[in-house]
Amino acid sequence: MAAHNLGTELDLSWISKVQVNHPAVLRRAQQVQARRTVKKEWQAAWLLKAVTFIDLTTLSGDDTSSNVQRLCYKAKYPIREDLLKALNMHDKDITTAAVCVYPARVCDAVRALKAAGCNIPVASVATGFPAGQTHLKTRLEEIRLAVEDGATEIDVVINRSLVLTGQWEGSDFIKTSTGKETVNATFPVAIVMLRAIRDFFWKTGNKIGFKPAGGIRSAKDALAWLSLIKEELGDEWLKPELFRIGASTLLSDIERQIYHHVTGRYAAYHDLPMS
Amino acid sequence: MRTGVIGLIVPPTFSFLEMMWRICPALAVGCTVVVLVPPASPAPLLLAQLAGELGSFPGILNMISGPTSLGPVLASQPGVQKVAFCGAVEEGRTLRRTLAGQGLELSLALGAESLLLLTEAADVDSAVEGVVDATWSDRSQGGLRLLIQESVWDETMTRLQARMGRLRVGRGLDGAVDMGARGAAARDLAQRYVHEAQSQGAQVFQAGDVPSDSPFYPPTLISDLPPASPCAQTEVPWPLVVASPFRTAKEALAVANGTPRGGSASVWSERLGQALELGYRLRMGIVWINAHGLRDPAVPTGGCKESGSSWHGGPDGLYEYLRPSGTPARQPSLSENLNYDTFGLAVPSTLPAGPETGPSSAPPYGLFVGGRFQAPGARSSRPIQDSHGNLHGYVAEGGAKDIRGAVEAAHQAAPGWVGQSPGARAALLGALAAALERRESALAARLERHGVELKVAKAEVELSVRRLRAWGARAQAQGHTLQVAELRGPVLRLREPLGVLAIVCPDEWPLLAFVSLLAPALAHGNTVVLVPSGTCPIPALEVCQDVATLLPAGLVNVVTGDRDHLTRCLALHQDVQALWYFGSVQGSQFVEWASAGNLKPVWVNRGLPRAWDQDAEGAGPELGLRAAQTKALWLPMGD
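If you read the protein sequences in the order shown, they are chains A and B. Residues 1 to 275 in the working numbering are what the first sequence spells out, letter by letter. Residues 1001 to 1639 in the working numbering are what the second sequence spells out, letter by letter.
Looking at chain A on its own, in the form it has when it is part of the complex:
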């Protein structure tokens, strides 16, 4: 993780001076998606880079230790070994950025990663995920327990009632949403958030990270997101310390694209290991 955001004095005038013109932001979002994406070996390289940004996530009601273990294994070996060998990237230590689970499953995740000999962080969602409507005492206790169990990153759900009444908190990363809403990570929203991150950096020198989550399923989407970060913030933000993608099925689509790049054929469902 990047150095912690030391924060600044809350200056609400910064917020009140912000103007966002929605139609113009929509046009910019369309323009970004209309650009031709990178092709051939550059696309393969971008996709591998995208893998290193993924917070491989499982947030279902029926999570147990067995599927968490499978997930952690997939996090350590995201792309099939022979495909990586064909690209000569098998020794570059390509893993996902983190594994993201519910607080109750943190123990299982830590154990599975240790068994696999992998040191990627375990992130836990906490604070009454996804609605955030629980008592402050229990929310704080959740975070404490998750950290005790071994989680090194916490995805905090902000208290929306505080937001709507103008009482703000600080953070190291901003995330588009829990991923459990009807509309999650869209480009117009992201553009506004990225501009805010850039403004904050220009004003204070602090770099805040960005994590879009929810609805990013295809490799093409991932490429568009990477190019958006590159355009708006620059290469400095294209690091796992400052950029994460919260996704679960994205990894299999990326793997399929890599398979196609290496072999020239489209993979069947059973050709690639489950996550």
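Rather than coming from a laboratory, the hints here were simulated on the basis of the structure. A few of these clues could be false.
To be verified - Examples of chain A residues toward chain B, derived with CB under 8 Å:
1. Gln19
2. Asn21
3. Pro23
4. Ala24
5. Arg28
6. Gln30
7. Arg35
8. Arg36
9. Arg195
10. Glu231
Unchecked claim - Estimated spans, in silico, between C-beta atoms of each pair:
11. Pro1490(B) / Trp42(A): 39 to 47 Å
12. Gln31(A) / His1480(B): 47 to 55 Å
13. Thr1158(B) / Gln167(A): 42 to 50 Å
14. Lys40(A) / Leu1017(B): 29 to 37 Å
15. Gln167(A) / Ala1228(B): 48 to 56 Å
16. Gln1203(B) / Glu236(A): 25 to 33 Å
17. Gln31(A) / Glu1155(B): 19 to 27 Å
Claimed, not checked - Computed list of lysine to any residue pairs in SDA-like fashion (alpha-carbon distance at most 20 Å, straight line):
18. Lys203(A) / Ser161(A)
19. Lys17(A) / Ala1427(B)
20. Lys39(A) / Asp1174(B)
21. Lys17(A) / Gly1638(B)
22. Lys40(A) / Leu10(A)
23. Lys230(A) / Thr1158(B)
24. Lys230(A) / Gly1208(B)
25. Lys220(A) / Arg256(A)
26. Lys17(A) / Arg1271(B)
27. Lys180(A) / Asp221(A)
28. Lys17(A) / Glu1120(B)
Predicted, not measured: the structure shown is a model, and the values here were computed from it. Where a beta carbon is used, it is the ideal one built from N, C-alpha and C, also for glycine.
Position chain B relative to chain A; hints supplied.
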């Protein structure tokens, strides 16, 4: 009805789409088109191929590849009814002068520069994207003048420069590229401008990922260019942006309206009231609010002032290729020996041939300028004779100074008149109509002395009264909302006054024509300077006596005198926004030639009389169309 054969001249910088924008409406209303394209540009060749595929209708679209000097040759072909020229300002001027008197319509679409006005209440990041759309994308047409409010100057420049660093220049058809190239000529023009700007003390910033070979030119931002420098007066070429600061919205308007160009502009502000105020007061053909470069076939696109007054898209685009039914076909009437330098320069002497007969008349009429009758600068009058050769009265001998005074008075009265609601204007025109009605017998008597039968004279006065009322009522409709398919939000087609409209009235129908021309001009918010009929100006001056009491001062100004001389003064005046001339063939030719000075739209009759008593010619929609100019105001919505 459709105009007929259109000659279209396009510049080398035109894209395929731009050409289609102009050709398709012409074909749609039934005209046929001959396009003169510059050699060595590929897009027109594609167009020629398409034209060749119109198998069942050969000849409706034709292409000639050649230099712009062929333009006058194309225009002189007997079948061509109208020439539409798109390109640079100076070439447009030259063409206007060359085609004077040839009897065809000329419409000009000149220059490609646009303007972006960034206030402190704007979403600066989005406005920066607007700058990219305006100048550094493939949709952009020309350079950009960027006006930034001082309080957000630093912020805007930082973001703009950061954004420029991420632009990619390359082959236009590559989907990953922002901006292509427009040929070596465009590159050289940009290069020259940058060097000149630097020598005049400006700061130049260039960035972006640009291939090093010609003809690619990097996106360029110029700031600190002194406003008085020659560079600041000329049009900004593509792909340059010239940024200047302003302090208040009022100053922004003064700077923005302070050039001869009046093409397109965008206003960036999240404050609705401010955005609309700026949008309405910018003298431009198209204004976008919080957007730039949006186009749609249903919305008229064009300019005003020296950007030419030709339109494409929307209803105005169709009117370009239509004429009122019954207009005679073109008659070549070029007087090759018309000396533009001497036409109307000297006033022929009006000493009477012999002793004047007839009762000694009332004191001479003065000029009606600034709401009152005043003596002319030359302090002389000319006699007016009735149909029997007897003296009817004296009218003032107006000259250049009087024209100058009249135009000034008209400009002073303009803001007040424009600010009146259409209802108030209608009421005033109605009051004038009532006053004319009361004066009917006097006016009829005056007309009778000039050989008009009493019955016809009374009818003339009644018709004049009716027309005043009718135009007052017609001007109630201000503008309307257009339906644009892909936009959320309205687009308004506003009809705005031209400004000061100069009218040289015909000799036929001395009262009716005077009123028929005055009424639409006033109803649409213009102020007018009129030269009444030469043989019978007295009815017009009688009307002025009512105007003096009823209408604001300076709204209507009437100058009598030698018609050719006064026409010359009006046509050469740079601050008259439009000129309507109903007189001789030579006069029409001179007016067309002289209008090249400030490229004012002109309407001439080429010596042909008009049936003013017929509603089609005397009160038709053509008058309403010519009396105002269109502005398209785009208001994309969303929060």
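Right, here's what the structure says about each hint:
1. Annotation: Gln19(A) was flagged as interfacial toward chain B, and the flag holds, the nearest CB pair being 4 Å apart, inside 8 Å.
2. For Asn21(A), the interface hint holds, since its Cβ comes within 8 Å of a Cβ in chain B; the closest pair sits about 4 Å apart.
3. Hint status for Pro23(A): holds, given a least beta-carbon distance of 4 Å to chain B, under 8 Å.
4. The interface hint given for Ala24(A) holds, since its Cβ lies 3 Å from the closest Cβ of chain B, which is under the 8 Å cut-off.
5. With its C-beta approaching chain B no nearer than about 5 Å, Arg28(A) sits inside the 8 Å limit, and its interface hint holds.
6. Contact between Gln30(A) and chain B, as hinted, is not supported at the beta carbon level, the nearest pair being about 11 Å apart and thus beyond 8 Å.
7. For Arg35(A), the interface hint holds, the least distance from its beta-carbon to any beta-carbon of chain B being 6 Å, beneath 8 Å.
8. Look at Arg36(A): its Cβ gets to within about 3 Å of chain B, closer than 8 Å, so that hint holds up.
9. Checking Arg195(A) against chain B: minimum C-beta separation of about 5 Å stays under 8 Å; hint holds.
10. For Glu231(A), the suggested interface contact is upheld, since its CB lies about 6 Å from the closest CB of chain B, less than 8 Å.
11. Distance hint for Pro1490(B) and Trp42(A): a CB-CB separation of about 44 Å, consistent with the stated range 39 to 47 Å.
12. For Gln31(A) and His1480(B), the hinted distance range of 47 to 55 Å is not satisfied, since their beta carbons lie about 31 Å from each other.
13. Remark: the range hint 42 to 50 Å for Thr1158(B) to Gln167(A) is contradicted by a beta-carbon distance near 31 Å.
14. The hint said 29 to 37 Å for the Cβ distance between Lys40(A) and Leu1017(B), and at roughly 31 Å that hint holds.
15. For the pair Gln167(A) and Ala1228(B), the beta carbons lie near 53 Å from each other, so the given range of 48 to 56 Å is met.
16. Taken as a hint, the range 25 to 33 Å holds for the pair Gln1203(B) and Glu236(A), whose Cβ atoms sit roughly 27 Å apart.
17. Taking the beta carbon of each, Gln31(A) and Glu1155(B) are about 22 Å apart, inside 19 to 27 Å as hinted.
18. For the suggested pair Lys203(A) and Ser161(A), the alpha carbons sit about 28 Å apart, so the restraint of at most 20 Å is broken.
19. At most 20 Å may separate the alpha-carbon atoms for a hinted pair to count; Lys17(A) and Ala1427(B) exceed this at roughly 46 Å.
20. Between Lys39(A) and Asp1174(B) the CA atoms are separated by roughly 12 Å; this keeps the pair inside 20 Å, and the hint holds.
21. For the suggested pair Lys17(A) and Gly1638(B), the alpha carbons sit about 19 Å apart, so the restraint of at most 20 Å is met.
22. Between the alpha carbons of Lys40(A) and Leu10(A) the distance comes to roughly 47 Å, so the proposed pair goes past 20 Å and is violated.
23. Straight-line distance between C-alpha atoms of Lys230(A) and Thr1158(B) comes to about 18 Å, which keeps the hinted pair within the 20 Å bound.
24. Proposed proximity of Lys230(A) and Gly1208(B) is supported: the alpha carbons are some 14 Å apart, at most 20 Å.
25. A distance of roughly 12 Å separates the Cα atoms of Lys220(A) and Arg256(A); the hinted pair therefore holds under the 20 Å criterion.
26. For the hint pairing Lys17(A) with Arg1271(B), the CA-to-CA distance comes to about 12 Å; that is within 20 Å, so the pair holds.
27. Pair hint Lys180(A) plus Asp221(A) holds up; C-alpha atoms about 18 Å apart against a cutoff of 20 Å.
28. For the hint pairing Lys17(A) with Glu1120(B), the CA-to-CA distance comes to about 10 Å; that is within 20 Å, so the pair holds.
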